[in-house]
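Colleague: With these hints in hand, go ahead and build the complete structure from the sequences.
Residues per chain, in single letters:
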Amino acid sequence: MSLLEVSGLTVGVEHSPHALLRDVDFTVEAGQIMGLVGESGSGKTMSALAIMDLLPAGIERRAGTVRLDGRDLVAQDRETVDRNANDMTMIFQHPRSALNPTMRVGRQIGRALEINQDMGRAAARSRATEMLNHVGIPGADRVARAYPHQLSGGMCQRVMIAMALACRPRVLIADEPTTALDVTIQAQIFDLINDLVEETGCGVLFITHDLGAIAEMCDRVTVLYGGQVMETGDVRQVFTDSRHPYTQFLFDAVVREADPSVEEKDVNFALQGCRFGHRCPYAFDACAEFPLLREVDTGHLTSCFLHQKENALGSA
Amino acid sequence: MSTTDPARHGDASGDRGRAARSGRSFEAPEIGGETVRPPLWRRKPLLIVGFMILTIFILLAVFGPLFVTDPRVIDTTNTYRPPSSDFWFGTDKFGRDVFARAVHAARLDISIGIVVAIAAMVVGSTIGVISGYFGGWVDEGLMRITDVVLAFPGFVLALVLVAAIGNSIPNVVVAVTVAYIPYFIRLTRAQVLAERELEYVDGAKLAGNGRWRIAFRHVLPNSMGSSVVQAALVAGWAILTVAGLAFLGVGIRPPTSEWGVMVAEGAPDIMTGQWWTALFAGGMIVLAAMAFQFIGDDLGTEEV
Chain A
2 MSLLEVSGLT
12 VGVEHSPHAL
22 LRDVDFTVEA
32 GQIMGLVGES
42 GSGKTMSALA
52 IMDLLPAGIE
62 RRAGTVRLDG
72 RDLVAQDRET
82 VDRNANDMTM
92 IFQHPRSALN
102 PTMRVGRQIG
112 RALEINQDMG
122 RAAARSRATE
132 MLNHVGIPGA
142 DRVARAYPHQ
152 LSGGMCQRVM
162 IAMALACRPR
172 VLIADEPTTA
182 LDVTIQAQIF
192 DLINDLVEET
202 GCGVLFITHD
212 LGAIAEMCDR
222 VTVLYGGQVM
232 ETGDVRQVFT
242 DSRHPYTQFL
252 FDAVVREADP
262 SVEEKDVNFA
272 LQGCRFGHRC
282 PYAFDACAEF
292 PLLREVDTGH
302 LTSCFLHQKE
312 NALGSA
Chain B
1463 MSTTDPARHG
1473 DASGDRGRAA
1483 RSGRSFEAPE
1493 IGGETVRPPL
1503 WRRKPLLIVG
1513 FMILTIFILL
1523 AVFGPLFVTD
1533 PRVIDTTNTY
1543 RPPSSDFWFG
1553 TDKFGRDVFA
1563 RAVHAARLDI
1573 SIGIVVAIAA
1583 MVVGSTIGVI
1593 SGYFGGWVDE
1603 GLMRITDVVL
1613 AFPGFVLALV
1623 LVAAIGNSIP
1633 NVVVAVTVAY
1643 IPYFIRLTRA
1653 QVLAERELEY
1663 VDGAKLAGNG
1673 RWRIAFRHVL
1683 PNSMGSSVVQ
1693 AALVAGWAIL
1703 TVAGLAFLGV
1713 GIRPPTSEWG
1723 VMVAEGAPDI
1733 MTGQWWTALF
1743 AGGMIVLAAM
1753 AFQFIGDDLG
1763 TEEV
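Keeping their order, the protein sequence lines are chains A and B.
Be aware that the first sequence starts at 2, since it is given in this note's numbering, and climbs by one per residue.
Be aware that the second sequence starts at 1463, since it is given in this note's numbering, and climbs by one per residue.
In short, the hints are calculated from the structure, not lab data.
Certain hints may be false.
Stated by the list, open to error - Simulated coverage check for chain B against chain A, where a stretch passes if three residues somewhere in it have a Cβ under 8 Å from a Cβ of chain A:
1) 1655 to 1661
2) 1673 to 1685
Claimed, not checked - Computed footprint of chain B on chain A, listed as stretches where at least three residues anywhere in the stretch have a Cβ under 8 Å from a Cβ of chain B:
3) 85 to 91
4) 102 to 115
Don't be surprised by glycine CBs; every beta carbon is placed ideally from N, CA and C.
Modeller: Okay, structure coming up:
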């Protein structure tokens, strides 16, 4: 049984037939880092928000289950997700805007502890300082009394991480945690996340558009395009033996010039079949249907009909 | 890592000090270090002027009454004395000391202005944050009521309310407060609508804070900026409204020492040459309202 198991997650715009996420499946194992990669608008953040019950107004969760250790978190009415900061927390992309500008950072961390760990105010405060120290902030005492605008971006991200980890959650969702930071800070934040996984055995859903970061950080990776899972598997499998045409073109685009036969078009959310169908040079009749994930190798799944025809692309 | 000391954040000399300690020889921070922000009185002169006038009024209101004679004492031997060293602002037709009355009126009018501004801000912001954060039919209902109240000019509404509930001082305060509440509701709601979509609100939800707590402890404090500015302006307007009501004879009544009352009583005297009975009270209304406007205006201007 996986630590976090997301299956059939479908999210759409209210009063519209179009889906932003279609049948998204992935799992996060304890002590592992699962990468979620895709271009802008592919639904990475939307998946995280749907899991965390933070979907913006006008966006609804239509189907799907979110299981933590086998316990279904999605309520019957599909409106809410039963989770608290002891189960799952999230690190946001823009650390500064994710902290309340009018509250001292120590207090913000302390509040999470008071609510979720039944701590008193004084105990929460000293634990908050401890957490700040733990994420490598020098002079944690002073920083705890600072407001977010007095801290640098990297410092704010550490505060965010300290806040997320204060309650020792089982699952941590990191939504592009280093996009707003420079590379030196990025390396420090990566180390911090790695250390924490080793230390606490939590599972991490690591969202990024940076394939390099995936290769460096993750054990497994899920490739998302247009709200559809293209391919999922071990990082090694997906990187060296990609089976979905989209994944292959994605890697091509990184290592050499993009294939001009793949026209640049917007994601077509109205499309019935495969989301990549209208751009895919290998598209055929079957692609008008929605492709389900199929296993092509142990733990390596892809949603492409080419493989159901036993027609591996090989060296496309 | 970057600056960790809040007290020294942005302080150029602190940066230079660190560079020197760490043994770096280059003088790069010098460029930034030379641009010193002009002092506050140069950036916001009106703010300083406003605060100075207001401080004088507050000192006058707090301590003034201890040093002047009883403004209610009628002295028929000293009627209509022009301003002199004995009677700085002269005396009126009952021989009352105009300066003593104006000082006592300062205590009343300044207090009313500040009380109205704070009460309207507290009530208005509370309603505004509920309306903006919770939305739905609560928002619809509150906003329609606000629209109805806003449809009346503030002064007219206050006038109608005072006429309806009677013109004691507390009633005047309540009426004027009610007239200014809708401005705060609208202002706070607009801020809250923008603020509630920001990431830190999601962060607060993740930490497990309840809806009410998020609304009042996280969203509200971040939505108060323009309300505070508005409060300074409203304090000035409230003084004008209270004085206006008194002048029309529907607000605070004579013989209470109140600037509007004094202007109303002194107006006929101007015709007969006794200008001092109305002028000083009128001048104080103008100065007090102006002080609050200056403060509000300059507080509302973004720092460059």
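Colleague: Now tell me if each hint is right for this structure.
Modeller: Hints and how they fare:
Under a criterion of three residues with beta carbons nearer than 8 Å to beta carbons of chain A, the stated coverage of the stretch 1655 to 1661 of chain B is upheld, 3 such residues being counted. Check on the stretch 1673 to 1685 of chain B: 4 of its residues sit with their Cβ under 8 Å from a Cβ of chain A, so the three-residue criterion for coverage holds. Counting residues of the stretch 85 to 91 of chain A whose CB lies closer than 8 Å to any CB of chain B gives 4, so the stated coverage by that chain holds, three being the minimum. Counting residues of the stretch 102 to 115 of chain A whose CB lies closer than 8 Å to any CB of chain B gives 6, which reaches the minimum of 3, so the coverage claim holds.
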